Amino acid sequence: MSSHPSTTEEIKTVGDLPVEKIDKTEDYRIYAAISYFVILIVIGLPLWWKTTEVYRVPLPYTRIAALNESDFVLVTNVTIASLDIDRGKQLASDLDNFFKTSKLFKVHFVVTQVQKQILASAQSIQALELSSVSRRQAGDILLLEVPGLPRFTPSQVLVGRRRIVYFATDTSSVKLTEVLQQWLFQEETLQRMISSMVSPTKSELDLAGRRRMPTASAYDVMVTIVNPDPEKVQLNWDLQEAIENFLSPFLRNLAPLADYNVKSQWLYFVPLQVQPKLVPEQPGIRKHFALSEELLPHIITPLEKKLASHVSQNPCLNFVVYVPPCSESPLYIYRQEGVILRGGVNAFLSPRWGGIIIHNPPQDICDNTTVVEPKPVEADWSKIMGTFLAQLRLLVGVPELDDIPRVSMLPLAASGMRQWELDSLYRVRIMEQLTSAMLTLQSLSQLLGEISNIVIDDEVGDSIQEAVSAVERGIELLHQGNLLAAFEASKQAFLSAEAAFTDPSLLALLYFPDDQKYAVYIPLFLPVMIPVLMSLKNIYLWAASKVRHKGKEKVD
Amino acid sequence: MVYSKNDWNKLLKMFTTVWDAPSGPQMFQHCHLFPRALGEVAGRHNVQELHVTLTEGLWRYEYWGFPVSDAAPGAELWTWFRNDTKDVDNIWKKLTGALSGLLCASLNFIGTPNSLSPEYSFRPTGVVKNSNLNSSFVRYATLPREIVCTENLTPWKKLLPCDSKKGFASLLNAGHIHNTNYHSLGLHIRPVCKDAKCTEVSIELRQTVSLVYDMMILGFQNQDWSLRKLFGLGLSGPCPLATSSFIYVDVTSNETGTPYQLQPEPTEVITSIRGGYESKFKVYNIQKMSFTHMLNIVATYSTPKVYAVNVPPVLYASRYIVGYGQERGGIVTKIHNNHWKHLDIIYLENIPWFLPIYLHTLRVVAGGKEITPILKKYVPGKERSRPYSLEVLLRIPARSVTEIYIEFDYVFLKWQEYPPDANHGFYIGSAIISAYLPVGKNYMGLPQAGPTIYSSFNASREGFLLQLRTESLIITLPTPDFSMPYNVICLACTVVALAFGPLHNITTKRLCMKDGNSCNGLLIRLKSMLFKGRKPQAQAH
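Just so you know, the protein sequences line up as chains U and S, in that order.
For the first sequence, this note's numbering assigns the number 1 to the initial residue and increments by one for each residue that follows.
For the second sequence, this note's numbering assigns the number 1 to the initial residue and increments by one for each residue that follows.
In case anyone wonders, no lab produced these hints; they're calculated from the structure.
Among these hints, one or two may not hold up.
Simulated restraints, written as ranges between beta carbons of each label pair [said to hold, decoys possible]: (1) S:L233 / U:Q234: 24 to 30 Å; (2) S:N296 / U:E241: 42 to 48 Å; (3) U:T62 / S:R82: 47 to 53 Å; (4) U:P271 / S:Y320: 50 to 56 Å; (5) S:N296 / U:L278: 33 to 39 Å; (6) S:E200 / U:Q480: 53 to 59 Å.
Some chain U residues judged to face chain S by a derived CB distance under 8 Å, without partners named [as the list claims (entries may be wrong)]: (7) A32; (8) A33; (9) Y260; (10) K263; (11) S309; (12) H310; (13) L524; (14) P527.
Just so it is clear, the structure is predicted and the values come from calculations on it, not from any experiment.
Each residue gets a CB set at the ideal place from its N, CA and C atoms; glycine is no exception.
The following block holds chain S by itself, in its conformation from the complex:
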């Protein structure tokens, strides 16, 4: 499925592909449409739910609204293991290793020392057998330094049954994807109900791509866009194995902002009212269209671009580092609440072990007034074995900016623990803010029951679960001179040798006057030998 939205000169495309596979004891042994390579990985490691995202760039909530599926910069992975899993840490390490091979990403660097088991932030998104959840079966980790490139896109495409030969995946050409402002690949496995009564459970795999284009950066003179402009080629047809293929174009802004015309005419127009906000979509049903030549959807603007005042979404956040020097520092997270009512949020901080934080310095301030968190869950880190995990439940006041501040120390690492190019700095993963929004404005997330964009239309609920990822941070730890160990050894040895020489001499030798006549020192003997040789020559002269 493709979803497209025009907003602030940026364009967002999103593919969601869902494969259902029957669940059972031999779940992943025999695969039809479900990719066997991924199924084997999930089956072997006792995975109940698996969410991997590989993202380049930062989602700018303030300007772009909320994404369909949220992702932290770099690689992000979180997994629920089944309740009967033994030795979760070990199996988690093996899982990351296998996924790393599957997706050509450095996920193998994820292990216990950089994984959390958050209590509140990550709940299963699919069906669970009993509501008694034990957070020791969930693992969450990020690799903010991970760079996403073609080598990740190719294996991602290979998991689709039509590969990149047919359907929407044929649009994904590396050259046109990696010049976007933001791109994110995702794999989401979860168990879902097979029928309304939920007597049987099947497995759902959602493969997502989110792309944000900036037409100005791409060098186009106007803001008109088309499939060919964005992807380099048109669409040749649907994947014959798919049950449905749709393209949705959000035309809500046509009525308020700069209007644009779509060519060819859509097959349908849908109006969706969700959480009190109305949006309009033009729909192309790819399977019902005839493909005599490649499909190219073109949007043309009648008037030039007008830059209006940005209306930010209900909730967004930003994060930065404060402090000076190489001893102490602090992290500040600013959470903006633009809603007219207070909001309850869960704030998850994921701090690596080499950045010891102090819980007593945690301060939450909104509009100059300190707020007491409703609940705090803190798992202190351990050097080289566990990161610092802090979950804070907050009630942030209406129309306010809340500041969460915590202090940390800069520490020295062992010399082998520095990465190559250590002066580049160390990355700290995003903080995650989870909230239950009462309004559906700017919200595009999928409802829990539905896997496709279509299921998000007219899906009004009591609240909308939203997770925001903040920026990842980069800090410079004190970096030593790496030739230091050898220098230290040499220096220490020289000092010892220097001290030993005189000590040895004093204790084993005696200072005494020397008889002038008895000249049998080495130098004198050498001299006399030389002269012996020369004397006859001198006499000859």
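Okay, chain U solo, but in the shape it has when bound:
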């Protein structure tokens, strides 16, 4: 068999076939080789490549990358209401200068004049709170000059329960800036949170951020009563009613931010698992048991296995009431050697987990030998639930504010939440959700770029698109100063981004290794491709000779 080409000049005849005929069959052979090449290489290979390709929806990579450049700016309207319009304008320009350097906040100051009658007719700050001037849009703040503020309070500046800051006439703009920055806007907390999310290794959260539960669309709140020895202590408490009276009004306030499902349970025979130290009776000190603060984490561990839910995927806030039996009471938490926890509150908070309160049975019942075991113990609900509410505020994200001299705020109402606190909570959540959505989208797009085996189906593609546009919309709404709508957008962005990132379909082909693919294809491709590629040489020589032939003919 000869594979080298033979031109017509060299061979005149083969057998009986005339030269013309040989020429023809030779051409047909070359056409056949060409058609093999076309079918297998030109059509077959791309077809194979296309049909075995991983399905991927086109993603908005450029828009995701652009999110990084866009800056989150919280636009806030602050109205300064002053008796003297000039003084108000002066104050506004001073405050404006202070806030120019702010990276996150862009504050618009509006100056208005208030009628003296409104202020004069008000008998107390409470009355002003309820008057029509107090109604503000979410996120906005009214700085109201009250000439006779010293009548009501020794402070110079008083922060109300709604979105109003009352200040005396002699208040400096520095003090007002301080109040706005530290209490109402809490810019540093926001910035710490964002930087810790963007570069978690470099920066740390502040105390408030560490306590705050991570963002989620719904939370479970579980109240657990632990009775380690029901043979000695009997609790006939109406827990359900207490929750309804104390916790529910507060949680109803938070409903726009997230859903809270309250659950409760009773646990028996769950011991502390740490041995409290017995402090013997001394002059002035009764016999009691001491639980040092370092041991507190060990209390949570044995409880943990009874607190998990097999159904709910929401993060859970746990509140535990522990009632020690008489033989181990009173039990006190010690902050350090010899110092009982401040304020006589026998409770502690575990950041991002919940709180535990130790409810000692009353001494007179324990000492009274006529009361037979199990001894009935009554609940001090206002103390228990008051502690839980304070802990819940911290866990939800309302921080404990640093004191500013000569600045105070009105005490909490029954609802347990001030409106401006709610606003700053909105800001925290918007920032957290937008940053988280942005980071999730960026890491997802990076991941998809790096690993080509990941399938992106329509559903994932849709949620990515949705998340991107929700982030863009959220940023836009923040620019408009619409806090509530921005929150909704950020929530949607966060949820869509999470849904896209955790979609199980992404993993479908991830563990399909390349070597297996080749092991399957090589037995077919190698034996077929070698002759086809080899015939290329023949085709080339044939085509070259044709060209030469044509050239010669032309010359002739």
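Based on these hints, arrange chain S on the given structure of chain U.
Using the frame of chain U, we list chain S on its own:
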């Protein structure tokens, strides 16, 4: 509650624990004694009734009589969903997933492809709002291959309010439970009436354990038993949260069989007449006893064991596979009726989708005579989506053995559908035989209204609802060589390549004579190159 019975050298202990919880819209949000983990699962999935059993071993009806609560080998789960449930299949899948996490069992493998909705066999055991029952809200599934072990016992104990720290649950130590002949854990949730008028409904949870000990296997020389021998330790006291705690010891056989003495003396002796049969129980009221040291109930036999002729119960069944080869087979179920009158039974066959059965081959034969079923309800299976479900209503004649026979095909599965260790075989769940017994002999089941053993005393009714589970079967499906797909690919590719080579050559190349002089083939060129190199060396020699 503990129940103990001595029969045929085997001992049965049974715990029933009942917690009532008020029913309402927020039913499972706030839990006191009711385990919150289970309550959340039931509440979230719109469950009206839930019955889970995890069983190791087979209940031998022929020798042991009827159990208090019946269970199929492996895991068994059946649930009634509330009437307003939408998308039952989906919620059923979620429920099994949640229960699987709760009980550490592989219940998550239950889904629509292996679940039935029987029309007659499973009726709600609790209160229902309207008697208009729609069987599309019931789901039943078994996992006969499930192995029950310590990891199931621990979460089961955790559901009790006293955990395993106090009360009867403190007796349940894994080491002494898993060497029994039979053990079964159960969870049963159902709605019950709160008062006699049934104006309010509450939820009842029954947690059961059934254990059968064989003292001979355990290595004791005699048949004497005691709490310490069986559980490794005595009872330290009742659970303080319980309203009642009793131990019952069945002493009926003392009068007919080998008598035994109980130490300490019981607080009470109860004679119960039920369905025409009298039984005697010795009762220990744990709450009234003083616990200076651990309670250990000891039974001592005065005479050595005498093996008498076994008197089987009124109704029992057995099942096996017939046929040969790897193409066709059949399942035979033998139902023994020892009653003097005919009995009406419902037979439920639960056949997985990979075992197609043929309804026309169904034959029911009793004493050589064919019986026509009163009613047949057949839901044909669908590959990979629905099992075969067959319910047959039969009237089986008095003192007879009825044979139910049906044929099936062995099929090939897709290679990914074979379980690990495919040559072990495939399990087929038990068939269920439901009957309404007219006599109370050997019957220990609880009456519908009562949750505790106590309520079964003197509870004579018109009939006694009995459900029997047959053996689960194991069959070997044709199992392929699992490296086959790769071999097939390689072989097919080689064949294609072999065919392609000559075809390509014939169509693109020409066979021609070669000039002897022009030797410019690759091999010849190589040779000449080699020789070129060697020639000067050779000349040098």
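Hints, verified against the model:
1. S:L233 / U:Q234: 24 to 30 Å: About 28 Å separates the Cβ atoms of S:L233 and U:Q234, which means 24 to 30 Å holds.
2. S:N296 / U:E241: 42 to 48 Å: 45 Å, holds
3. U:T62 / S:R82: 47 to 53 Å: 51 Å, holds
4. U:P271 / S:Y320: 50 to 56 Å: Taking Cβ atoms as reference, U:P271 and S:Y320 lie about 53 Å apart, which means the hint holds.
5. S:N296 / U:L278: 33 to 39 Å: 36 Å, holds
6. S:E200 / U:Q480: 53 to 59 Å: 54 Å, holds
7. A32: Cβ of U:A32 sits 4 Å from chain S, so the hint holds.
8. A33: 4 Å, holds
9. Y260: U:Y260 check fails; min Cβ-Cβ to chain S is 12 Å, beyond 8 Å.
10. K263: 5 Å, holds
11. S309: 6 Å, holds
12. H310: 5 Å, holds
13. L524: Nearest chain S Cβ about 4 Å off; hint holds.
14. P527: Check passed: Cβ of U:P527 comes within 3 Å of chain S, closer than 8 Å.
Hint 9 from the list above is the single one not met by this structure.
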